[in-house]
Amino acid sequence: MPLLDLQHCTVRFGGLTAVSALDLQIGAHDLIGLIGPNGAGKTTVFNIITGVYRPTSGSIAFDGRPIGGAKPNVIAGRGIARTFQNIRLFATLNVFDNVRAAFNLRCKHGLAHALWRTPAFYREEENIERQVMELLDIFDLGRHRATLCSSLSYGDQRRLEIVRALATKPKLLLLDEPAAGMNPTEKEALTRLIRQIKDRFDIAVLLVEHDMKVVMSICERICVLDHGTKIAEGNPNAIRRDPKVIEAYLGEAPANV
Amino acid sequence: MNYRHIKKFALLAAIILSAVVSHFSGGWNQYHLLIIITIGINIVLAVSLNLINGYTGQFSLGHAGFMAIGAYVSAYLSTEYGANFLRLFGGHAGALAIALLFLGVLILGGIAAAVAGLIVGVPSLRLKGDYLAIVTLGFGEIIRVIIQNTDAVGGARGYSGIANYTTLFWTFALAAVTIYVVVSLIDSTYGRGFLTVRDDEIAAEAVGINTTRYKVVAFVLGAFFAGIAGGLYAHINNSINPQGFDFQVSILIVTMVILGGMGSTPGVVLAAVVLTLLPEFLRWFAKSDLLDWLVRHAYQFLSPEHFAVAAAKTKELFESRMILFSILLIALMLLRPQGLFGALPRRKASR
Numbered sequence: 006m007p008l009l010d011l012q013h014c015t016v017r018f019g020g021l022t023a024v025s026a027l028d029l030q031i032g033a034h035d036l037i038g039l040i041g042p043n044g045a046g047k048t049t050v051f052n053i054i055t056g057v058y059r060p061t062s063g064s065i066a067f068d069g070r071p072i073g074g075a076k077p078n079v080i081a082g083r084g085i086a087r088t089f090q091n092i093r094l095f096a097t098l099n100v101f102d103n104v105r106a107a108f109n110l111r112c113k114h115g116l117a118h119a120l121w122r123t124p125a126f127y128r129e130e131e132n133i134e135r136q137v138m139e140l141l142d143i144f145d146l147g148r149h150r151a152t153l154c155s156s157l158s159y160g161d162q163r164r165l166e167i168v169r170a171l172a173t174k175p176k177l178l179l180l181d182e183p184a185a186g187m188n189p190t191e192k193e194a195l196t197r198l199i200r201q202i203k204d205r206f207d208i209a210v211l212l213v214e215h216d217m218k219v220v221m222s223i224c225e226r227i228c229v230l231d232h233g234t235k236i237a238e239g240n241p242n243a244i245r246r247d248p249k250v251i252e253a254y255l256g257e258a259p260a261n262v
Numbered sequence: 002m003n004y005r006h007i008k009k010f011a012l013l014a015a016i017i018l019s020a021v022v023s024h025f026s027g028g029w030n031q032y033h034l035l036i037i038i039t040i041g042i043n044i045v046l047a048v049s050l051n052l053i054n055g056y057t058g059q060f061s062l063g064h065a066g067f068m069a070i071g072a073y074v075s076a077y078l079s080t081e082y083g084a085n086f087l088r089l090f091g092g093h094a095g096a097l098a099i100a101l102l103f104l105g106v107l108i109l110g111g112i113a114a115a116v117a118g119l120i121v122g123v124p125s126l127r128l129k130g131d132y133l134a135i136v137t138l139g140f141g142e143i144i145r146v147i148i149q150n151t152d153a154v155g156g157a158r159g160y161s162g163i164a165n166y167t168t169l170f171w172t173f174a175l176a177a178v179t180i181y182v183v184v185s186l187i188d189s190t191y192g193r194g195f196l197t198v199r200d201d202e203i204a205a206e207a208v209g210i211n212t213t214r215y216k217v218v219a220f221v222l223g224a225f226f227a228g229i230a231g232g233l234y235a236h237i238n239n240s241i242n243p244q245g246f247d248f249q250v251s252i253l254i255v256t257m258v259i260l261g262g263m264g265s266t267p268g269v270v271l272a273a274v275v276l277t278l279l280p281e282f283l284r285w286f287a288k289s290d291l292l293d294w295l296v297r298h299a300y301q302f303l304s305p306e307h308f309a310v311a312a313a314k315t316k317e318l319f320e321s322r323m324i325l326f327s328i329l330l331i332a333l334m335l336l337r338p339q340g341l342f343g344a345l346p347r348r349k350a351s352r
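Listed in order, the protein sequences are those of chains A and B. Just remember that my numbering sits 5 ahead of the position in the first sequence, which is counted from 1. Just remember that my numbering sits 1 ahead of the position in the second sequence, which is counted from 1.
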């Protein structure tokens with residue numbers, strides 16, 4: 006049984022069909038790329054998976070249970086984490102707190118404990134701090150723990166956003182154009198990073214990306230969207246040669262992608 | 002003493018200090034004492050509003066409304082039922098009985114305000130920014146108008162005959178409690194959630210934070226302490242009337258929060274002190290010899306007839322102290338837009 010199962014998902018905004026009858030299955034250990042020209046509906050797919058939009062019709066199941074209509078924070082709790090196309094960090098919080106915020110989900114203490122400051126509260130806070138630092142150290146951000154996230158470099162901000170998503174302990178990680186705005190060196194580092202995440206955390210990854218080099222080099226399977234419809238799905242080599250994909254990207258004349 | 006307990010220790014120390022200072026405040030000038038107590042009440046108001054406006058980023062203009070609810074509920078309870086309650090202690094109303102009564106009515110006033118906060122909060126928190134500000138402003142005015150038309154609490158004439166229970170001790174002990182609650186709340190993984198709601202709601206939800214719930218908690222808690230402040234205010238002024246809770250009061254509290262620096266508790270406390278003292282200082286300054294002396298020296302190069310005009314005009318300016326108050330505020334906002342203690346970087350205009 007796939008981890009994430011989209012069945013005939015359609016999203017309409019008024020007269021515009023952003024996604025039409027999409028079927029997409031992601032297994033628990035897959036690394037799947039979602040590509041397509043501008044306006045193909047990639048981000049909309051992310052938004053229905055994470056609960057920002059509800060599909061107009063069709064069903065979404067995650068881990069065997071339907072998630073249609075659940076709120077984004079509930080879906081995050083079920084084990085789907087995401088990053089954003091335009092980085093969305095908590096601008097006034099430092100690096101440590103940005104990641105700590107993601108532990109809110111699992112935080113057992115609430116208002117009363119925070120006010121009463123019981124020993125259990127301190128134990129939990131210490132536990133969270135240890136886990137945050139562990140994560141930051143894995144991604145080489147530990148030395149920036151007290152830095153305001155807006156003063157990090159672009160690449161580090163991207164990385165921090167991924168770390169924050171991982172801190173929710175997801176089963177599925179959605180990355181929305183992580184390579185956008187990166188130079189070739191940063192892109193290579195990102196490719197390594199995604200592989201590393203896959204190996205280390207053993208989670209499923211769905212990647213939306215414009216950069217073909219990144220997608221082709223790391224994805225095991227690629228799904229191509231055009232005008233909201235899935236036009237091809239397969240391994241990178243098959244996709245590279247698929248005439249429909251070439252047409253969608255380059256127009257009619259076949260060329261080397 | 003473990004460093005962990007430093008907050009509780011500071012709270013305890015502040016409460017004891019309030020008690021000690023209060024004990025010796027008997028002989029103080031009543032006018033000065035009133036100003037000091039007003040400072041304490043304003044600290045409670047500003048720090049609690051800072052939880053809503055500063056930390057959670059929900060721009061509320063209805064704090065005076067919550068304050069009014071707390072003031073009227075506690076004043077009504079202590080005036081109508083206070084005597085019965087004290088009779089339970091056998092005729093002689095000891096200090097402890099009065100303390101119990103006062104704390105009880107304050108808390109009930111706070112709870113009433115918190116319930117109002119919940120009722121207003123749940124539907125209106127779907128709104129953002131300016132729209133929320135307008136709805137909360139409207140709410141504050143509605144409360145005022147309802148009170149104005151409620152005969153049981155005197156309507157527009159106001160409600161009088163309220164016992165003078167508010168002391169320096171109660172005011173500053175409760176100010177300390179308010180500060181403790183807000184500071185220790187924010188300093189926790191749970192409390193950091195408030196800041197994430199302010200910084201980026203979409204990202205907050207994406208990491209599993211229930212933003213609606215945080216907003217409601219901020220509103221309810223903020224309203225509770227505004228209600229407490231209202232109770233303190235009612236029991237220092239023999240009578241209260243609806244005009245005392247109009248939207249200018251809300252604006253003044255918002256000014257304290259902005260001036261102090263959104264989301265900085267020390268800054269907001271300082272701003273509450275400064276903004277309470279400043280009008281009183283200007284009042285004194287306008288009549289002081291110091292102003293005479295300054296005017297004499299500043300205009301000494303003028304001819305006698307010009308001097309007389311300039312001196313009179315200057316004094317006139319200082320007598321209309323609210324104008325000067327506004328000018329000072331504008332100057333402060335120009336010089337320090339992030340507030341006195343504002344640690345926040347300036348927000349992008351687009352958000």
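Just so you know, not all the hints are guaranteed correct.
Short, incomplete list of chain A residues facing chain B, as computed with Cβ under 8 angstroms [claimed, not checked]:
#1 Asn78
#2 Ala96
#3 His114
#4 Tyr127
These are computed hints drawn from the structure, not numbers from a lab. Where is the CB? At the ideal position from N, CA and C, for every residue including glycine.
Results for each hint:
Taking 8 angstroms as the C-beta contact cut-off toward chain B, the hint placing Asn78 of chain A at the interface holds, the least distance being around 5 angstroms. A hinted interface residue such as Ala96 of chain A counts as satisfied when its beta carbon comes closer than 8 angstroms to some beta carbon of chain B; here the least separation is about 5 angstroms, so the hint holds. Taking 8 angstroms as the C-beta contact cut-off toward chain B, the hint placing His114 of chain A at the interface holds, the least distance being around 6 angstroms. Interface hint at Tyr127 of chain A: satisfied, since its Cβ lies 6 angstroms from the closest Cβ of chain B, which is below the 8 angstroms cut-off.
Of the hints listed earlier, there is not a single one the structure fails to meet.
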